[in-house]
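Same order as they appear, the protein sequences are chains X and W. The numbers in our numbering rise by one with no breaks, and the one at position 180 of the first sequence is 180. The numbers in our numbering rise by one with no breaks, and the one at position 291 of the second sequence is 291.
Any given hint could turn out to be false.
[Claimed, not checked] With a Cα cut of at most 16 Å, we get these calculated EDC-like pairs of lysine to aspartate or glutamate: (1) X:Lys158 / X:Asp67; (2) X:Lys74 / W:Asp187; (3) X:Lys132 / X:Glu143; (4) X:Lys158 / X:Asp117; (5) X:Lys74 / W:Glu2.
I should point out that these hints are in silico values taken from the structure, not numbers from a laboratory. Keep in mind it's a predicted model, so treat the numbers as computed, not measured.
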Amino acid sequence: MTDSTPLLKLSDINTFYGQIHILQDISMEIRSGELVCLLGGNASGKSTTLKTILGIVSPRSGTIEFDGADVTDKSTSFRIGQGMAIVPENRRLFAPMTVLENLEMGAYLRDDDHSEDLEQVYELFPLLADRKSQLAGTLSGGEQQMVAMGRALMSRPKLLLMDEPSMGLAPILVEQSFEIIQQVHQAGVSVLVVEQNANMALSIADHGYVLATGRIVLADTAEVLTEHEGLKKAYLGR
Amino acid sequence: MEFFLQQTVNGLTLGSVYALLALGYSMVYGILKLLNFAHGEVYMFGAFAGYGVLTVLGGSSAPLVPIWLMILLMFVAAVVVSSTIGVALERFAYRPLRNSTRIAPLISAVGASFFLQAAALLLFTANSRSYDAPNLIAIQTGIPIGPIRVWMVRVMVIVTSAVLMILLTLWVNRTRTGKAVRAVSFDREAAAMMGIDVDKVIVITFLIGSALAGVGGVMVGLVFGRVFHLMGFVAGLKAFTAAVVGGIGSIPGAMFGGLLIGFAEAYTTGYISSTFQNLIVFALLVVVLLVRPRGLFGREELVKV
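Bound conformation, chain X alone:
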């Protein structure tokens, strides 16, 4: 399933907000078919890393390669078109629009018929088929999470970015979300999960990176990270 050229490769990324140096020399890669997690506490730079990957903020230096091409200077729209998709933190659904319209927005850049993908999303989340005409803002947190994931899958992504999927969800829903992430991964989509919930993320990931104050302080396989003493102390609470 994995091959040698990385699907996503960040090299020496430095990102600033004004004068503040947020990301410092971030290098990481995700190979095709991998499930990678990026761990870190509050304000460690996790969200900024995602925004840099998506092109919502531009790095001051460093390069981003996606699917064999340099996308450092490309627009967000271009990158999404090349096969990135995101489930944003707090889901960020279009609340005054219906579930179906939200899903359609996920397929915004696609000119081909996406009714098949819609069927697949409804298969994955049967509840959404019943709720398709309901306004997204009226759904429960768990249901919204389904819409957000379905919306991301509508673009048939090569790389699915998940920003804090466990945020604001009841434990049972967190487990459900991670099961779905695994399902999506098994269907051949590469996944980057950005999480504070290190236990949960490492339990499904192949590789992990640990961010602290804008630097990558650890990078290893999930097994090694799970047993790492420092990480246990800092994040795993054991």
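With the hints as your guide, set chain W onto chain X.
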């Protein structure tokens, strides 16, 4: 009854134009949270574009082309001129300030408004011009409704506005780009994360809002005759009031608000006095803001969790 009907038709005509203008305010506000104060001037330039076509093609007393073609060309010219100005405003007056403080584009909007007024003064002088539409389409033509006869021009204004508003509603609810406009209005960053080209959506919004204002300008010229370089100011203010009354950012709100302001103005003029026309309109604004600050159709600001 006859008088009441007459005032109702007046209100409907005026309200249709306010609604077209209010849509531009509301759509732009929805997407940028910006009050485009130059919108009234976009409408004024539309009115002058229509006047230009009318004059070049022989004027209303000796038109060189069939009357339906004349009117069509006037609308086309207005749409082209107004949407060009609207898009230029976005590009040069607002986009450079998009990531600055919220007050900056607002000041830029006021400046753009003065700039366009002054430009019109230089281009067209301070004289007001007349479309003299009764020469084009006789006032006697029209559709009898009960005891009154509604002038064909008014019928055209009301029907055209209704058709445009229905088309806009369909566009915004049914098409991919229309839905993208709604998505960007609600959450610009999340929309960008879907691959929506936010800049493009903003340009399209200005294009459509300005085109509608241009159409409104020609309509006012046809119905009320006079076009002049300051006509955008009061009309803009009224349309802005309509947008706020309806709930700024809401498309059905702008339509309803426009009609409401139109009726309020017509009935005040008819039953009280035209002196009180503006007083009543703006009092309506104050009352709505007191009772329902988000406007009649405005949605409650959702607290994002």
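Verification of the hints:
1. X:Lys158 / X:Asp67: holds (9 Å)
2. X:Lys74 / W:Asp187: Not satisfied, since the Cα-Cα distance of roughly 21 Å exceeds 16 Å.
3. X:Lys132 / X:Glu143: Cα-Cα ~11 Å, so holds.
4. X:Lys158 / X:Asp117: Distance ~14 Å between Lys158 (chain X) and Asp117 (chain X) Cα, so the pair holds.
5. X:Lys74 / W:Glu2: violated (65 Å)
Hints 2 and 5 from the earlier list are contradicted by this structure; the remaining hints agree with it.
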